[in-house]
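In order, the protein sequence lines correspond to chains Y and P.
Count along the first sequence starting at 1, add 1, and that's the number in the numbering used here.
Count along the second sequence starting at 1, add 163, and that's the number in the numbering used here.
Since the hints were derived computationally from the structure, they do not count as laboratory data.
Each residue gets a CB set at the ideal place from its N, CA and C atoms; glycine is no exception.
Any given hint could be a false lead.
[Claimed, not checked] Below, a list of computed lysine to aspartate or glutamate pairs in the EDC-like style, where the Cα atoms sit at most 16 angstroms apart: (1) P:K170 to P:E252; (2) P:K195 to Y:D69; (3) Y:K3 to P:D242; (4) Y:K58 to P:D242; (5) Y:K3 to Y:E117.
[What the hints assert, rightly or not] Below, a sample of chain Y positions facing chain P; criterion: calculated Cβ distance under 8 angstroms: (6) T7; (7) T59; (8) V62.
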Amino acid sequence: MKAYLTRRYWFSASHRLHSDEMSAEENQAVYGKCNNPHGHGHNYALEITVAGQVDPKTGMVCNLVDLDAFVNENILERFDRQNLNTLPPFQGVVPTTENLCVEVYGILQKDFHHAEVEKIRVEETMLNSFEYAGGREVRY
Amino acid sequence: MVYLTRKAEFSASHYYHNPEFTPEENQRIFGKCNNPNGHGHNYTLEVTVKGQVDQRSGFVVDLKQLKDIMNREVIDAMDHRFLNKEVAEFKEAIPTTENLAISIWQRLQPKLNVAELHRVRVYETPDLFVDYYGEA
Chain Y
2 MKAYLTRRYW FSASHRLHSD EMSAEENQAV YGKCNNPHGH GHNYALEITV AGQVDPKTGM
62 VCNLVDLDAF VNENILERFD RQNLNTLPPF QGVVPTTENL CVEVYGILQK DFHHAEVEKI
122 RVEETMLNSF EYAGGREVRY
Chain P
164 MVYLTRKAEF SASHYYHNPE FTPEENQRIF GKCNNPNGHG HNYTLEVTVK GQVDQRSGFV
224 VDLKQLKDIM NREVIDAMDH RFLNKEVAEF KEAIPTTENL AISIWQRLQP KLNVAELHRV
284 RVYETPDLFV DYYGEA
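Chain Y with its partners taken away, still in its complex shape (with noise of 0.2 angstroms):
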């Protein structure tokens, strides 16, 4: 039987929204107040879904264990307390959350192989959030 697991985890990161293919004042129109030159924060609040079969043997669709030593390794080690604006995904990349949204599930979805990736979603502040599943709908 094939169940959707979701676990949620937390990062803080700074960003500054800001496109070289725009002009100072078009930035300023667009991003407004997240054009600021020194960046600002956010504590992110990171949900990824997985899905496959339950393991009879296990009873699970992949071990947590598992999944959260892969998410530590390879996202919350590289975003949490980072300028996601330094960091090399975001090089010509305007570090929005949707971008980050579109980062983590192409992470995961190259090499995170205990179950099938079926949807990013971030929280970046409590107002406002943004889900990807990879082009496809999202379900709920």
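Since the structure of chain Y is already known, use the hints to place chain P on it.
Quick look at chain P alone, frame taken from chain Y:
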């Protein structure tokens, strides 16, 4: 089609153990959750049903009926219980959050005749939950 979600809470203990595994395998796979004395969680259950809104009542489902079914089929059976020892299906199946979601679906689905069950979501902690949609 309108979707309606009702929450309920229950507290229960469990442990993870497969008698087909050696003690070492059980320990390696299940870690701290293998402690045979059990440990507990405050679970939150979300049951989502879907259906057409009834013209006369304005309801997808009578919430009181849904609540009564959830209480009778799930909460009464699982709240303040040791799942491995006191809930029939977990004498065989390991009471992981995945299997809890499946078990709750199987308990509710035959009893719901007014609306159609859409999703069972079980939170083991605020940071971990499982969704089951009745898929094979």
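Taking the hints in turn, this is what the structure says about them:
{"no.": "1", "hint": "P:K170 to P:E252", "result": "22 angstroms, violated"}
{"no.": "2", "hint": "P:K195 to Y:D69", "result": "15 angstroms, holds"}
{"no.": "3", "hint": "Y:K3 to P:D242", "result": "25 angstroms, violated"}
{"no.": "4", "hint": "Y:K58 to P:D242", "result": "25 angstroms, violated"}
{"no.": "5", "hint": "Y:K3 to Y:E117", "result": "11 angstroms, holds"}
{"no.": "6", "hint": "T7", "result": "5 angstroms, holds"}
{"no.": "7", "hint": "T59", "result": "6 angstroms, holds"}
{"no.": "8", "hint": "V62", "result": "6 angstroms, holds"}
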